[in-house]
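Novice: Sequences and hints are given; from them, build the entire structure.
-17 is the number of the first residue of the sequence shown in our numbering; add one for each residue after it.
Possibly wrong hints are sitting among the right ones.
[Claimed, not checked] Calculated pairs, SDA-like style, for lysine to any residue (alpha carbon to alpha carbon, straight line, at most 25 angstroms):
no.	residue 1	residue 2
1	K253	G235
2	K46	D59
3	K37	Y(-14)
4	K46	S11
5	K37	T62
6	K253	H50
7	K253	P28
8	K195	H206
9	K37	G53
10	K253	G228
11	K253	A32
12	K46	Y10
13	K195	R105
14	K46	Q36
15	K37	M52
16	K46	K253
[As the list claims (entries may be wrong)] Have a look at the derived ranges for each label pair, beta carbon to beta carbon:
no.	residue 1	residue 2	range
17	P(-4)	K37	26 to 36 angstroms
18	V31	V89	46 to 56 angstroms
19	R248	I132	24 to 34 angstroms
20	G(-16)	T139	53 to 63 angstroms
21	G(-16)	Y188	28 to 38 angstroms
For the record, the hints were derived by calculation from the structure and aren't laboratory data. Note that the Cβ used here is the ideal one computed from N, Cα and C, for glycine as well.
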Amino acid sequence: MGSYVLRRVLQMIPVFFGSTLLIFLMVYSLPGDPIVALFGDKAADPAQVAALRQKYYLDQPIWKQYLHYMGNLFQGDFGTSFTGRPVSEIMADAFPVTIRLALMAFVFELVVGLTLGVLSGLRRGSVVDTVVLVLTLVVISIPVFVLAYIAQTIFATNLGWVTPTVQDSTDLSQLILPAIVLGSLSLAFVARLTRTSIGENLRADYIRTATAKGLPRRTIITRHLLRNSLIPVVTFLGTDLGALMGGAIVTEGIFNVQGIGNVLYRAINQKEGPTVVGIVTVLVIVYLVASLLVDLLYAVLDPRIRYA
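Specialist: Take a look at the structure:
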């Protein structure tokens, strides 16, 4: 196990550098001068522009800018935004909000999605199965921003259960509706994936053997069927946690959640290169760590899997 983890960590290194390089090139190769944009409608003083470009290392070739950024990154310095505020402070304020929102959405899709998938998989062809398939198909077909506006109209405008937008991003109760909207699409995929996996494993030889031995149905389902059926679901869930954090841009914008998605959206509009690169770099790390944890969970779910 130890050698496998070491190999996986070593494999993550080039992926990390490649991902951050692509992000850096895309952000800093955008047309337009972000320094000039700071002056707005005012005429930019050439001397001030030159001084700011030198301050933010923008007067150097792109490869030197990347090496400079990575050198600072390994010292824990994510750079400084064009407003003069350290990027690490910006992320420290916004990331906790997005983490809470993503975890609430993750728990929602995990509990509800697995429950619907198990019920549908065990009762294929029944009314329950049909209802689950139709509901998940509807959710998959509706874009997230449309679903968000529908949820606002029903639960905020018509029923008055919640406010249309989040007033306090630190209040967990106000994040429930945005979390449900954020996790709805993933919930549909989890339910369908669980249903398919359970349906395939129900026809497997080991299930017939366990049934022939006279094991109780609950034991067959919990100890044998679910553990093997959850392997593809865990793969999806592991990568989806990072996707929820990155995909919160639309949801946070609609519900006015002051999280990392909202900050990232504003930074892109304002061409805040250091902020965009810093946030996306952290998201890349989240993806890589989640992928490693998913691989290690395989051995827990299926004892036949061994890592050399």
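Novice: Can you name, in rising order, the numbers of the hints this structure does not satisfy?
Specialist: 3
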